[in-house]
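Trainee: Since the structure of chain A is already known, use the hints to place chains B and C on it.
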Amino acid sequence: MRVRERIKPFGSEKPQPVKGELIIIEDRCKGCGFCVEYCPNDVLIVSDKFNSKGYHPPEVVHEENCRYCGFCQLVCPDFAIFSIEEKAVESKSNTA
Amino acid sequence: MEAIITQQEAKRHPMDNLLRMDRMPHIWCPGCGIGNAVSAFADALDKLEYNLDKLCVVSGIGCTGRVAGYIKVDSFHTTHGRAIPFATGIKLGNPDIKVVVISGDGDLVSIGGNHFVHAARRNIDLTVICVNNFIYAMTGGQVAPTTPTPAYTTTSPFGNFENPSNVPQLAEAAGAVYVARWTALHMRRLTYSIVDALKKPGFSVVEVISPCAMYYSRINKLGDGLDMMKFYYDHSIIKHGEPTDHLEIDYQKEIIVGKFVDRERPTYSESMGKWFED
Amino acid sequence: MKETNLAVLTGSHDLTGSQACAEGGLSAGCRFLGYYPIFPSFDIVERFAERFSDVKGVLIQMEDEISALAAVLGASWTGKKAMTVTSGPGFAQMAEHIGLGVMLETPCVIVDVQRDGTSEGSPSAPGGGDIMMARWGSHGDYEVIALSPNSPQEMFDMTVKAFSLSEKYRTPVILITDTYVSNLNEAVHIPDAKDIQIHTRKYYKGKREDYLPFQYDAKDLVPPMVDVGKGYRFHVTGLTHDERGYPVMDEKCQEWNVHRLVQKIRIFAEDIVDFEEEQTDDADVIVVSYGAVSRDVIHAVHQVREEGIRAGSLRIKTIWPFPEKKITQLAKKATHLIVPENNFGQICLEVERCARGRAETHYLYHASSRIGQSDDIVKLIKKVMKK
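Chains as they are written, first to last, in the numbering used here: chain A, 1 to 96; chain B, 1 to 278; chain C, 1 to 387.
Chain A extracted, bound-state conformation (with noise of 0.2 Å):
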């Protein structure tokens, strides 16, 4: 797209920021941590109750500050986590 092109900002409707759903399947984590330490936006933390083999599961706590980049179901070793998008975003211009 060249520059001139581009939509212009003004009078159009205010992008919205891309949502996110955070999914966890709790008895395949080994609470090795990566999640909740490489979560671009602290979504996570280190719950305090244990799985069904003894481990810590990460639980979410600021799921409003998911932005869907995927990067937890990327970076868990154990395939125990990852993020749907909530809702279809219109403009995807912004969805960085």
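By construction, these hints were calculated from the structure, which means they are not laboratory data. Careful, some of the hints might be misleading.
Stated by the list, open to error - For lysine-lysine, the following DSS-like pairs were computed, each having C-alpha atoms within a straight-line distance of at most 25 Å:
1) C:K252 / C:K205
2) C:K230 / B:K54
3) B:K200 / B:K72
4) B:K47 / C:K230
5) C:K202 / C:K264
6) B:K72 / C:K207
7) C:K230 / B:K199
8) A:K49 / B:K11
9) B:K72 / C:K202
10) C:K230 / B:K72
As the structure is a prediction and not an experimental result, all values here were calculated from the model.
Mentor: Structure of chains B and C alone, referenced to chain A:
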């Protein structure tokens, strides 16, 4: 929390069609980086939109050798060090199949070193993902060809005095067409490197520096998997195109990562086809 | 169709054992040969190298014998019939992958042109010491099929048969020959392509989703196979596995897995075993032999028959599984069993075991330098019968 559990039943993990979820949880320890390498590989397959029916994963023995069992494609878990020749047989038997070898440093560089060198020399169209955790973990933390000096292992209780292998240099010298190295936390870059390697015809090597939280870390008192992961990531310097002889990994020093080799050489099949056409 | 015609050189030819073996492989549909050069197996590769481009085959010289057999196993999973050729020291290296071939139930043929050992031994002398290594070379419990030809014609026939057996029972089959037979030059008749009976592996025909790599038929204990790249997304492992091909580390699964691997050959052993008898009906002394040595035995038996000694010959064609019942049966009739071998006693122990004390077993060292002469066998027959 209850709401999440009900959703989790309704929604499937995005890698469900790429991984054998019926075998989860896998055997790797908490804090191990092999899962990350698998995750990156699965993500790369997703990005490539490759026909998974035409993809085959071959692994050797060891912690990383178990990868083949978790990826939902035609997969072979072979003998120690012989993943590359087995994969060579598959590739030559049916050139339509994309063959990927995922194995560890001990498997590929030590016992399978000769096969690694010769497959690279022949430039057989394979993608090799070498997960390097600096130790033989499955057998109980013995010294590996990649163990840096002077790391402790169960078989080098006074520190390792041997010179470690430099996997990218070995690969380049032997004739690999694509060589990259990332740590297990460079997930996006690693994913794109695997995508590039899979696209590249010829022998491509991606080394993944992965923490071993159970043996390497404990005996060297390096903390848990997260601490090691953090250390590797923080001490990695991205230098694309760095000459591979600069890539030796010293104990707890900086690790140069990036894409080092990307060149064109005729593959084994191309050379053979051309030879017999003439 | 055209390819088949190029592969099968119908007619009578003057071929060495090695050339006949290569022709046998091509006629059986072998399209992949992975090898590492070793004396004296190389003649087979040379013949294959001349011919493989006619049939669009693949010939690759791997970096060692370990990888040669590994590549052969890999190629076999793509649906190609594959073989490798080697000699003693190389065969020792292949042992690991014989085990893998058995565990993954991968059809393939291994030709071992024996040379005198131990270790490097005497490369140019025809050896005979790999008999027990073929049986027990790899670790763990398993059964193998091993054939022993004694002429170039049999090198052809048995190579074809080896492919048939390997495909039928889904197991590596070993052709144990030696320098003597592989260098022998004789007339070899290659039949019409349509007359060559080749058993092709049993393919899975059900639904893709239901495929389990090691779900076997109760009838023959052999699981149907699929090729790589056909969308079955299977996993197979050299570890003890269940029918899904997933590793399971418990005793029950070990028994389920390995017991079947053993039984699928043992139960059908009588169908597999093959031997040739000559004048054993009334024989007092029977010479049990195999391979190159058996050529001398025929002469010896004829010679002593003329002198009035009732001698007979049993030539074993399939060394493994061993023709136990036949030997037991012969031991009931005969009083003496003589086992001339070009080694220091391997099959004679098996013969002794199967004779169960009913006949006296005599071992004779028929050295590699003596192959082609039968006087020592004659002498022993006479000595035994005088007692």
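Trainee: Checked against the structure, which of the hints given earlier come out wrong?
Mentor: 1
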